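Here is how the chains run, residue by residue.
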Amino acid sequence: MTVGKVVNIVVKGLYRDSVQLMEITERVKKLEGVHDAAILMASRGNKDFLRSVGLLTAEGELADPEDVLVALKAEADLDRIIGRVREMLYEGGGPTTGLKTLEVAIREGADFAAISVPGRYVADIASKILEGGVNLFIFSDHVPIEVEVYLKKLARMRGLLVLGPEAGTAIVDGVGFGFANNVQRGPVGIVASAGTGIQELTTLLDAMGIGVSHALGVGGRDLTGDVGGIMSEESLKILEKDSETKVIALLAKQSDRDAVRKVLTDIRPKKPIFLTLLGEGRSTLNDIPNIPTIHGLALKICSHLSPAEYRRQSELLREEAGRLRKAISSGGHPRGFYCGGTLATETAYIWRWTGLRVYTNMKLPWAHSLRDSQTSQYATVVDYGDEEFTEGRPHPIIDPTLRNQRIVSELNSEETSAIAMDLIIGYGPSENIIERTVKQIGEAVKSHPEKRVVVRVVGTPSDSQWSQLNLLEKLPILRPVSNALAAAVTAASALGEEGVINNVLEELVFFEG
Amino acid sequence: MKASKVIAVGVAVFAESLRRQRVNVVEVEWTPPREIEPDLKDILDKIL
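Those protein sequence lines, which keep their order, are chains F and H. Residue 513 is where the first sequence ends in my numbering, and the numbering goes up by one at each step. Residue 561 is where the second sequence ends in my numbering, and the numbering goes up by one at each step.
Keep in mind that a hint or two might mislead.
[Unchecked claim] List of simulated lysine to any residue pairs, SDA-like, C-alpha gap at most 20 angstroms:
| # | chain 1 | residue 1 | chain 2 | residue 2 |
| --- | --- | --- | --- | --- |
| 1 | F | K246 | H | K515 |
| 2 | F | K100 | H | N537 |
| 3 | F | K100 | H | M514 |
| 4 | F | K237 | H | T544 |
| 5 | F | K128 | H | R535 |
| 6 | H | K515 | F | D173 |
| 7 | F | K246 | H | T544 |
| 8 | F | K474 | F | V408 |
| 9 | H | K518 | F | K474 |
| 10 | H | K515 | F | V408 |
[What the hints assert, rightly or not] Some chain F residues well away from chain H (every beta-carbon gap over 10 angstroms; in silico):
| # | residue |
| --- | --- |
| 11 | V6 |
| 12 | K100 |
| 13 | T101 |
| 14 | E108 |
| 15 | A110 |
| 16 | I238 |
| 17 | L316 |
| 18 | G322 |
Keep in mind the hints are simulated off the structure, nothing from the lab. Quick caveat, the model's predicted, so the values are computed rather than measured. Idealized CB from N, CA, C, for every residue including glycine.
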């Protein structure tokens, strides 16, 4: 039993972003005499969280959303601990000197602006940037759909791009925005309303020796009926004209067929174009076959650019499938807990295709809705990057603690047969993200060797965290080359049928449409 | 299309990632504007 006194300190009018506060929280937890700590902006959601874990006092209740709230459970010398927290808030944790006002920055000119402020503040900032003639990458979520449509129409009028909102990733002329991986330059241009979909595709292509010209993440809602593909269309126009781009991939996590059809009709692409609309399965749109999985999309591009490499990749994949068939478990339900929404969507689709009854917190017309994201039902897939988990908190790609706690809890459940999860490295996640994940789930994984834990590591050997992968090798996990294969193995385990792996490969990955 | 100079507004870790890629990053000073209490806003919405 831990002892200690709960204290709250409110620092009025101080703003620090959620990642800075997460880092400070981690440092404070290590101070002598501290049993628990949470340092957060005092939003309503964050106060609810502190209340639920017994870290909110009457003083904290009175904090305003624009205040930093320091919640401690500590003993010993409280004054010393509080003094150290204050130092951290103002030393390395705060903005550095030399910052400019938005107006001055716009006046001085730039190629792009990257916005990652809470969604309700995006409209004002983004409008000013577009009026100033600068392209936009908007990472923020919680941006109202009408704001997104307004910004995209404004950008189109001015001949500018708005990548996002909810754009997790983009690569522009070799520069990675948000969560991107260090991949080779090359002939593939990508337009995607699928942040981790870009990461999955570009890292798979990288492993095949194929590089990327630009990967334009237009935000998860761009190809829905609400937005109508405004920025997908503008981005495709750019790639059509771009001399480095030889082939184009169009990838969507969620999409409206009419919106996609209109975009393709308007563009009439002259360059070879490859299409993956997740959830659409085998179908055809404007005479373009839909490739059901991202791994399938990468292989199709590979077969177009380098038939010899495609044959090599196919052989490697069949060998890997053979190894995985021998490693399946049996019985129970599969559970998928993801930081990346596109990967979660792909897993839900593949599981449903194999005949599993899929429940999820994502809005997927072809899957059942979970009554409560925290309680699993049948084959459950939870996207921890969903807005319900990210308000006032770092994205789970940066801080996967909540997701990892869920994995530990589900490993201890008798219902669970297999767990599918992602581990995303590259720009954005901390340097010790692999070590941290191993610390959080390692013991539980080792305690349940009968359950399959299948991890799709999204990254390349050029990403700074790649060298830590040996830490994962100490755990009894499977680490397939793609998320599609991770979904296939977990489905096969739940169904107790090793043939499922081959069925997924032949029908959804080696798709000859 | 280039990204050699980028304005960054918000989470510092993303600005740092861009710097590591040798991008000229102009970081903007940003704090959320002070907000009125939701209850007061509801009252004002009804009056105005």
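Checklist entry - Which of the numbered hints above does this structure break? => result 3, 4, 5, 7, 9, 10, 12, 13, 14, 15, 16
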